[in-house]
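Trainee: One-letter residues, chain by chain:
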Amino acid sequence: MKIGEHELKLIKRVDLPWWNAMIISIISVIVALILFSLVFVHSGVNPLTGFKEIFQFAFLNRNGLPLTINRSIFIFLCTCAFIIPYRAGLWNIGMAGQLYAGALGAFGVMYLFGAKGDPNLYIAPGIGIPLMMIGAMFAGGAIGGIAGFLRGRFNVNEIVTTMMLNSIGFWFISYMVKEGGPFMNPVGRSESFDLPLSVRAPLVFGTPFTIIVALLLAILLYWVFAKTRIGYKIKSYGLNPLAAKYSGINPQVIPVLVFVLGGMIAGLAAYHYFGAMPGVFKIARNYAEFGDLSFYGIICGLIAQGNPLAAIPVSLLFGGLTNGGRFAQGKLQMGFGVDYALLGVMMITMVVLQFFYRYKIVWIKPEKEISDVGIIR
Amino acid sequence: MWELFVRSLDASIVLAIAALGELIGQRSGVLNVGIEGVMLFGATFGFIVAQTTGDYTTGFIAAIAIGAIIGLMHGVFSITLGVDQVVSGMGIWILGFGLTTYIGNPYTGPLGMARIDRIGGLSPFFYLALALIFLTWFVLNKTSLGLKIRSVGENPEVAEVSGVSVNRIRYLCVIVSGMLMGLAGGVYGLSYNPVWNYNFLMGWGFIALALVFFSMWNPFIMFGGAVLFGALWQLALSPEFILPGVMSRYLWRMVPFVITIVVLVLMSTRWFRTHWGAAKPEALGVPYKKEG
Chain A
13 MKIGEHELKL IKRVDLPWWN AMIISIISVI VALILFSLVF VHSGVNPLTG FKEIFQFAFL
73 NRNGLPLTIN RSIFIFLCTC AFIIPYRAGL WNIGMAGQLY AGALGAFGVM YLFGAKGDPN
133 LYIAPGIGIP LMMIGAMFAG GAIGGIAGFL RGRFNVNEIV TTMMLNSIGF WFISYMVKEG
193 GPFMNPVGRS ESFDLPLSVR APLVFGTPFT IIVALLLAIL LYWVFAKTRI GYKIKSYGLN
253 PLAAKYSGIN PQVIPVLVFV LGGMIAGLAA YHYFGAMPGV FKIARNYAEF GDLSFYGIIC
313 GLIAQGNPLA AIPVSLLFGG LTNGGRFAQG KLQMGFGVDY ALLGVMMITM VVLQFFYRYK
373 IVWIKPEKEI SDVGIIR
Chain B
66 MWELFVRSLD ASIVLAIAAL GELIGQRSGV LNVGIEGVML FGATFGFIVA QTTGDYTTGF
126 IAAIAIGAII GLMHGVFSIT LGVDQVVSGM GIWILGFGLT TYIGNPYTGP LGMARIDRIG
186 GLSPFFYLAL ALIFLTWFVL NKTSLGLKIR SVGENPEVAE VSGVSVNRIR YLCVIVSGML
246 MGLAGGVYGL SYNPVWNYNF LMGWGFIALA LVFFSMWNPF IMFGGAVLFG ALWQLALSPE
306 FILPGVMSRY LWRMVPFVIT IVVLVLMSTR WFRTHWGAAK PEALGVPYKK EG
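Each protein sequence line maps, in turn, to chains A and B.
Counting along the first sequence from 1, when you hit position 304 you're at 316 in my numbering, and nothing is skipped either side.
Counting along the second sequence from 1, when you hit position 68 you're at 133 in my numbering, and nothing is skipped either side.
These aren't lab readings, by the way, just hints derived from the structure by calculation.
Fair warning: this is a prediction, and the values are worked out from it, not measured in the lab.
Where hints are given, some of them may not hold.
To be verified - One side of the interface only, derived from the structure: several residues of chain B facing chain A at Cβ under 8 angstroms:
1. 142
2. 146
3. 147
4. 149
5. 151
6. 159
7. 171
8. 268
9. 271
10. 278
11. 313
12. 316
13. 323
14. 329
What the hints assert, rightly or not - Quick list of in silico lysine-lysine cross-link-like pairs, BS3-like style, CA-CA up to 27 angstroms:
15. 345/B x 24/A
16. 245/A x 257/A
17. 345/B x 372/A
18. 294/A x 128/A
19. 355/B x 257/A
20. 21/A x 355/B
Heads up, the beta-carbon is just placed ideally off N, CA and C, and yes, glycines get one too.
Here chain A stands alone, though its shape is the one from the complex (with noise of 0.2 angstroms):
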C-alpha cells in the first residue's frame, strides 16, 4: 500500500522480541476495548460513562476492589492452568471441569472429617487447610491427567476431551450438592454444606492467604520455564513434538504432566473460590458461573503469551473489567451478559492480532532519486 511517498509494507518477522509482543497484547487489548464500547452505544450509554463506572467500582471502590482481587486471584489461577500446556502447544479448555472437580475435592476432604451440617466442628486449621487444598489440587489434576494421558497416549483431540469433561464435571457436582446429593447442605438450597467455621482460610490485608500462593506460583512457574530442564522439554515438546521425540523426551510423558499441573492449580482456584473467600465458604449455588469464568484463563493465557509473570497485571485487568461490568451492567440498566460480551470481543480481537506475531508493518521512505539529467537511460 502507498501513502504519498511512503510505502507500508507487510514483512514477515524473523523474530519476535519481548517488547514487541508486549506491544501487540496492550494493542489488541485497547483494540478490544474500543469495539466492546460499541456495546455501551447499543445500551444507550456513553461509552466514557461507562468506562468510567468499571474502572472505578473495579479499582477504587472500597467495596470493588477486594471483589476485584478475589476475582484476579481466580482469574489467574485459571490463566495459569491455560498457560502450562499451553507452552507445550496443547489446549486446556477444561478448567471449568477441573475446577469443580477441585471443588469437589475441598469439600470432599472435609466431608470426610464429617463436617457436613457441623459448622461448629473443630478441626485444626493447620492440618483441615492444607488438607483441603491438597484435595482440591488432587481431584483437578486427575481430572486434567485424564485429557493429557489420553492426548499423550492415544493422541485424543484435547480440546474434544476436555470439553466433554466439562459437561461431565458439571453434571456431578450439580448431583452432589443438588437434590438430596452427598454434599448437599443440609438447610440451604441446591448448594453444599457450609465449611467448619474453624478451617476458613486466613486473610492477609483482608484478602484470602491465597495470594501469596497465586503470586508464589507465578515465580515458580517463570522460574521452572525459563530455567529448568522440565520447562525446556515442555517448550520444545510445544514446538515440535517429533524433534523433541527425537532428542529424547518421553511423548507420552509431557501432555500428561503439563494436564496434571494445570488441572491442579485449577483446583486451586476452586479452592480459592469456594473455599477462601470471605462470605462464600461453600460451593455457591452459581458454581456454573465460574466455570464461565474460567474461560478467562484462555484469553489472559493469549494476552500473557504464556508468560505467568505477565499474567498477574492481565487478570488484574480482567478481574476488574468482568466486576466492574457486572456492577456498570446493573447501575446503567444494561442486559445481562455485559461481561460475557466482553469476553467474546476480546477473544476475537486478541485472534486477528495474533497475525502480527508472523508479520509487521513497516514504513518505507523512499530514498530521493538522484535527477540524473542529460542522461537516456
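Got chain A sorted already, so can you dock chain B onto it with the hints?
Mentor: Just chain B now, with coordinates in the frame of chain A:
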C-alpha cells in the same frame, strides 16, 4: 417409545448437519474447532429473527446467513491471515458464547410459535439432513469439484501446481461449512429446543467435532454416529424409559459425554487405525501460503 425415537432423531439431525459442515471444511484442510460458537450464533440469530418476524423461513435464512458470515471470518483468519486454525476456532467459539449471551438475553424464554409440522411423523429436517449428506458424499466423491476439495485437503502444494486455486476452494468450503453449522444451530434453536437460554447448546458443537473425528471423514459413518449419539442423549434425558430409578438424573446426563470420550479413545487406538484405515486429510490444520 415412538416419541422417544422421534426426539432422538431430532437430536441426531442437529448434530449431523453441524458435523457435516465441519466435515466439508476439514476435507479442504481447514479445521474449525469453533463449531459451538457458529451454532450459537445460528441458534440465537435464527431465534431472534423468527420471533420478531413470526416466520420460520426468515429465521432459518438468518441462521444460515450468520453462519456464512462467521465461516467467512474463520476463512479470513485462517486462510488469508494465516492465524493458527485452533486459535481462530477457539476465538469464534468464545466470541459466540460471549456475544450471544449478551445479544440474546432479552429474548430468554420460549419461542412462542406453533411447532414446525412433521412430515410422515418425522421432522422435515430429517429429510433435509439425509439429502445434504447424500449430496455431500456425491460432490466429494463423484465430481471434479470434490476431487479438487480433497486434493486441497491432502496436499495443497500439488493441487496448486495442477491448477487448483487452493485459497478459493478453501474459502468456498469454510463458507458452506459455516452455513451448515448455522443451519444446525437454527434447527436446534427453532425446532429441537425452542427455548432460548444463554449457552443453551451445552457443548453440542464439541460433540459434533468429536463426531467428525469418529466418522473417519465419511458422511455416512458420521450420520450413523449422529443417530447413535442422539439416541444416547435422549435416553440420558429420560432414563426412566429403560432403567427407572437407577442413578440420579444428574448422573445420567454425564453418560453421553463419557461415552463420547470412550469411543474417541477406541477410535484412536493403533489397532483401530490399522484395521479400518484413517482417512484424515493430510493437510488438516496446516495453513497454506502460496509461494512467490
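Trainee: So, for every hint listed, does it hold in this structure?
Mentor: The hints, checked one at a time:
1. Proximity of residue 142/B to chain A holds as hinted, the smallest CB-CB distance being about 6 angstroms (cut-off 8 angstroms).
2. Below 8 angstroms, beta-carbon pairs count as interface contacts, and residue 146/B has one with chain A at about 4 angstroms; its hint therefore holds.
3. Taking 8 angstroms as the C-beta contact cut-off toward chain A, the hint placing residue 147/B at the interface holds, the least distance being around 7 angstroms.
4. For the restraint placing residue 149/B at the interface with chain A, the shortest Cβ-Cβ distance is roughly 7 angstroms, inside the 8 angstroms limit, so the hint holds.
5. For residue 151/B, the shortest C-beta to C-beta distance to chain A is roughly 6 angstroms, which falls under 8 angstroms, so the interface hint holds.
6. Using the Cβ-Cβ criterion of 8 angstroms, the hint placing residue 159/B at the interface with chain A is satisfied: the shortest such distance is roughly 4 angstroms.
7. For the restraint placing residue 171/B at the interface with chain A, the shortest Cβ-Cβ distance is roughly 6 angstroms, inside the 8 angstroms limit, so the hint holds.
8. With a least beta-carbon distance of about 5 angstroms to chain A, the hint placing residue 268/B at the interface is held under the 8 angstroms criterion.
9. About 4 angstroms separates the beta-carbon of residue 271/B from the nearest beta-carbon of chain A, less than 8 angstroms, and the hint is met.
10. The criterion of a C-beta within 8 angstroms of any C-beta in chain A is met by residue 278/B, whose closest approach is roughly 6 angstroms, and the hint holds.
11. A cut of 8 angstroms between beta carbons decides the hint on residue 313/B: the least distance to chain A is about 5 angstroms, and the hint holds.
12. Interface restraint check for residue 316/B: the shortest CB-CB distance to chain A comes to about 5 angstroms, inside 8 angstroms, so the restraint holds.
13. Given the 8 angstroms rule on beta carbons, the hint for residue 323/B holds: about 6 angstroms separates it from the nearest Cβ of chain A.
14. Evaluation of the residue 329/B hint against chain A yields a held restraint, the C-beta minimum of about 5 angstroms falling below 8 angstroms.
15. Distance hint between residue 345/B and residue 24/A is unfulfilled; the C-alpha atoms sit about 30 angstroms from each other, more than 27 angstroms.
16. For the hint linking residue 245/A to residue 257/A, the alpha-carbon distance of about 10 angstroms falls within 27 angstroms, and the restraint holds.
17. At most 27 angstroms may separate the alpha-carbon atoms for a hinted pair to count; residue 345/B and residue 372/A exceed this at roughly 34 angstroms.
18. Between residue 294/A and residue 128/A the alpha-carbon distance is near 11 angstroms, which keeps this suggested pair within the 27 angstroms criterion.
19. The straight-line distance between the Cα atoms of residue 355/B and residue 257/A is roughly 30 angstroms, outside the 27 angstroms bound, and the hint therefore fails.
20. Taking the CA atoms of residue 21/A and residue 355/B, the gap is about 18 angstroms. The hint holds against a cut of 27 angstroms.
Checked against the numbered hints given earlier, this structure breaks hints 15, 17, 19; the rest are met.
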